[in-house]
Amino acid sequence: MDSVLHLVAGFTLDFSSLPQQLVNGLVIGAIYALIALGYTMVYGVLRLINFAHGEVFMLGAYTALLTSYTMGFTPELVKKGVMQGHPLTSSPFNLVILILASMAVCAVIGAVIEFLAYRPMRNQSRIAALITAIGVSLFLQYGGQLFLPANPPPSVVQEVNPFQGVINHSFRKAVIAQDGSVTSPAIELTVTQGKVIMLVTVVVLMGLLTYLVMYTRAGRAMRAASHDFDSASLMGVNVNRVVTFTFMLGSALAGAGAMMLATFEGTPLQPFYGLLPGVKAFVAAVLGGIGNIPGAVLGGIVMGLAETLVVWLGFSQYKDAVAFVILIFVLLLKPGGLLGSDKVEKV
Amino acid sequence: MSLGKILGVRAVSVVVTVLLCIGAEVLLKQLIRDDYYLRLFFLAGVYVTLSVSLNLINGITGQFSIGHAAFYMVGAYAAGLSSNALFAKQPLDMPAYLVVSTVIGAAAAAVAGLIVGLPSLRLKGDYLAVVTLGFGEILRITMQNQEQWGGSYGYNLDNKYRSIALVFMLAILCIAVCRNLLKSVHGLPFLAVREDEVAAQAMGINLTKTKVVAFVVGAAFAGAAGALFAHETQFINPDLFKMDVSFLILTMVVLGGTGSITGSTIAAVCLFMIPEMGRIAKFQVSQAMLVSLLVVGIGAMVYAVRYVQNRVHLEKGPQAMAFAGAVFVPLTLATVVGKILERFTILGDKVYESADIRLMILAVVLLVVMLIRPTGLLGHHEFSWDGVRRLFKGRASHQEAA
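Which chain is which? The protein sequence lines are A and B, in order. Take 1 as the starting number for the first sequence in my numbering and just add one per residue. Take 1 as the starting number for the second sequence in my numbering and just add one per residue.
Hints listed in this document are in silico derivations from the structure and should not be mistaken for laboratory results. Only true hints are included.
Heads up, incomplete: computed chain B residues facing chain A, CB under 8 Å, no partners named:
1. Val-130
2. Asn-145
3. Thr-258
4. Ile-357
5. Met-360
6. Leu-362
Bear in mind the structure is a predicted one, so any value in this text is a computation, not a measurement. Every residue, glycine too, gets a C-beta built ideally from N, C-alpha and C.
Only chain A is shown next, with the shape it has when bound in the complex (with noise of 0.2 Å):
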């Protein structure tokens, strides 16, 4: 009971399964960073809020089930117990060729519901591209229901997976007593190869970017029509292009969250897999000033690392609806975001 620190009563936190839960929290956080950048990329560039990411990250998920699928993961084989030992299991690639899959599947997707959906709206009120974007997501959570698979056996696409080992890390820590005794709990680390991939991938997801945003030509002219698309298309920046590459880019990196959401974690799959994280991608990256990509890392890591510290508190059923709390205080305190810029308007 030493690591127990009692609060009030009934009401107690148990310090050994912190360090845990904070590696939970960062590896959900890296995901829902990951969805985020695609909201605030589209926002930078065209001050909309692109309501079905959430369902191009659902789409991600079922590439993901559906590529599994054709490379020889059905359902029935999983269920025998064939697939162990299986030569197709051992083998990484599978995962390689998952992520590329729903990445590819998402920018296309991404790209087609600007062309169709988004493009005409673009000279119109914000409010009725935000209700297209609406449209679009129901559009997208409906057709699924009626052309997806619903509650495919999630172990399908986990089985694809050869990572399935646990790295088991415990470290001890002194904790003197009131009697003056010295002891030093355990305190367990337990981070499947997942999670480590998952975070790993993330990390370099995000270096691509960064090197893509800040380094090439594309990236160049992305960032001139973010800060001004008029301008930008009169000094010859193709901004129509600009915008389906962005598209292109926020989705795919929504697919390979959602790929490896599906793989390494397990959710069941189904339509409407992609509301809860899109929504709270989507407070991510309001949390960090939306329109701003350092602001939404930060902000996914946050929304992150709050809902599991939430769950490690003893409150798991008010685990989504921390992230508006938090997004409520921060907009209220600084009301352009952690890392936007409040604008004073002049007259």
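Fit chain B to the supplied structure of chain A, relying on the hints for placement.
Positioned in the frame of chain A, the structure of chain B alone reads:
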């Protein structure tokens, strides 16, 4: 007109409205024996109230609020709890207790509107939208964890009372309040705030007061609608008031034309009826036909309509004809393609019931209306008898706009 005369006119019109609503309920109950259809009339009233009240916040005052379902929920729960506490032992024949519960629901929602409104008014635009959405979700999740009120399972009301007359009266009251606000001096600050906050402030308008009043009045009407809804369904749970409901109400406002009360009313009825039509109509669509309609039909229609709008400059009559053609030709084409695809059964023989695809149809209608007419059905226009008269006299339409 003297003050007494105005009040007299008002009193007479109120009495006439009440009588008309009661008459409408009696007539409906005589004509329609089916409980389901009566419920539809009831829900139409609820949605009209919700959409017009959100229009006051969103369309008229220009405050981008997308958490309206929360106020609806607060009203429903407040009315349900109070009705169970106060009236459970005395089932009255008269809907008097329902009126009391509705007032309690409206008051609770107004308080919620005040609580949400005061801090959020520092924000504007998208940020305000996110915060109102967040408040809505926080309220819903909190309610989900109140075990004494049923938690996520739900809360049962002892009294079930469906009063179509009351819900019609509420809707008419909501419309009347909004319309009179707009036609009177008291409504001008709302419009001024919508057009330009800084300029409005410079002209001496109390920004905070105006926005808070809009929030509180809008929330109160939503709460009253929630109260009536709770008594009708007799069972409420937080899942009935999810984000989707907020989005649906917002869509009604935008689809009708932001700021247009008539538009909100029409859009509310249409939009809520579309999914219900899927239940009522009971038709079947093969997978081939569905895919063809979605891909070929919608794509071609959007393209054709935009072509007519942007590149063909015609007189009004021919333009309308071209417009109708741009809608019907692609749909016919898609139907033909669908028939051909059915022949070859490339997509399999799966058949969808209309009840399965009704929400899909809702999304498609939403998208198509938005793409064809982004300003909403009526734009900023209102229905007026003068307008109708002008329409029939065939005067130039530019007099109408303004």
